[in-house]
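Knowing the structure of chain A, use the given hints to seat chain B on it.
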Amino acid sequence: MKETDIERIVEQLSGKEGDFSIAADDSPEESIRWRELDGIARMMRDEPAVEAPSGLEDRVMARVRAHRTSLWKALGEALLRPRTASFDPIKALRSPVSGEECSFYFIMVGAFYAVLSILLMIGFHMMGTTLAPPGWVHWQPLVALITAAVLIAVGLYLIRDGRMAARIARIGTLFYLGFVIINGIAIRLDWNIPISVYFAIIAITIGLLTGIFLIGMIHNYGKKYANV
Amino acid sequence: MKQIDEGEIIGRVLGGDREAFSALVDAYKGPVYRLAFRMTGSAQDADDLTQETFLRAFQSLGRFRAGERFFPWLYTVSLNVIRNHLRRANALQEESARNEASEAADPRNNPAEAAIGREQGLRLQGYLLRLPIPVREALVLRFYEGLSFEDIASVTGETLSSAKMKIYRGLEKIRLMMEADGFAASE
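Protein chains in written order, with our numbering: chain A, 1 to 228; chain B, 1 to 187.
No lab work stands behind these hints: they were computed from the structure. Just so you know, not all the hints are guaranteed correct.
What the hints assert, rightly or not - Pairwise CB distance ranges (calculated): (1) A:His-125 x B:Thr-159: 47 to 57 Å; (2) A:Lys-73 x B:Ser-161: 29 to 39 Å; (3) B:Gly-30 x A:Lys-73: 24 to 34 Å; (4) A:Phe-112 x B:Ser-161: 28 to 38 Å; (5) B:Arg-12 x A:Gly-135: 46 to 56 Å; (6) A:Thr-205 x B:Thr-159: 24 to 34 Å; (7) B:Ala-20 x A:Trp-72: 21 to 31 Å.
From the three backbone atoms N, C-alpha and C, an ideal C-beta is built for every residue, glycine too.
Just chain A, with the same shape it has in the complex (with noise of 0.2 Å):
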């Protein structure tokens, strides 16, 4: 008998009246054979339900009530939960956002200034100690790393999508945005160089861009939570 045919067969098994006319074709031996494992699924399927012990729910409830999850495990829990994001930053601008959207946008931002970092520490690294730039300048890589380092401290902490999220998350930006404008004037007044002005330049219109969008973003976040 075919594969095929077994599986249309099986799925007849003890059903009200099963049709095993393709095993009949084969042989009569062979329709009673099915007949029979008929018969087996039928005393399986009325078999009475057994029924779960009393206070089960209890005890299940005691363990739950109970259960502490460690950091790491939350963590790693936070982290691995699947989502849905969409790189849509028209969108997120104009209609209501979820917490994961703002969450996915502000990680964004903060791998930009991660990868920014790395880029900055290589290059001062390259021009070595004689075209080192001064003081304020020299720190960017760390500011960099400290700033993509909050925002993704922020985008994380949105996952949890709640009315403190959106708070803090609006603060930080609020922060992030007038930092961006200090910054940048820092560097052209401490690195007398002509080249500092399009360096502070492309580092405030960088910080205003990405701090106006995730602060537009926020506010329809916070839509959500408006009437709450």
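Frame of chain A, contents of chain B only:
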């Protein structure tokens, strides 16, 4: 089973309301217990495994995808817990399983009918425990739990065709065991 808004309950649990989880336990403790009981043949093991299943589900609830049906997901968690247990308790004896199986409450009221049905049920349970775990899973899900072939394939992570063939092979093995023991399948 009570009608509950699983999505809303899961949202509350994920938001930190552990007590909300009791609604899910209440709704699904029966099917999970039955599955564990049929797979192990032991009321005590089924009780432990049911607790373990719900605890595992609680721990990994964050990975549950919104919009997905909860019960197949819970069955998958339960099967993983049961498989691990059966692997550990590799040498599960048929005789001890028969003895343990009698611990479960028999819902029939008529004593004579209960005696006949009980013996038949124990015999079937014994044969079931002699089957390989994946085959046993397929039979339990199909005939004791009444799942569709599609759900069985989804819960066990197999193809539809493979699930059907496992059921066929399982029934055939039981038929041969019954024949060897001198019982007719229609008994």
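Hint check results:
1. His-125 (chain A) and Thr-159 (chain B) have their C-beta atoms about 55 Å apart, which keeps the hinted 47 to 57 Å range intact.
2. Evaluation of the 29 to 39 Å hint for Lys-73 (chain A) and Ser-161 (chain B) yields a pass: the beta carbon distance comes to about 38 Å.
3. Checked against the hint of 24 to 34 Å, the pair Gly-30 (chain B) and Lys-73 (chain A) passes, with Cβ atoms roughly 30 Å apart.
4. Between Phe-112 (chain A) and Ser-161 (chain B) the beta carbon distance is about 48 Å. The supplied range of 28 to 38 Å is therefore violated.
5. Between Arg-12 (chain B) and Gly-135 (chain A) the beta carbons are some 53 Å apart, a value that agrees with the proposed interval 46 to 56 Å.
6. The given range of 24 to 34 Å is broken by Thr-205 (chain A) and Thr-159 (chain B), whose C-beta atoms sit roughly 55 Å from each other.
7. Hint check: Ala-20 (chain B) to Trp-72 (chain A), Cβ distance near 25 Å, so the stated range 21 to 31 Å holds.
When held up to the earlier numbered hints, the structure conflicts with 4, 6 and fits the remainder.
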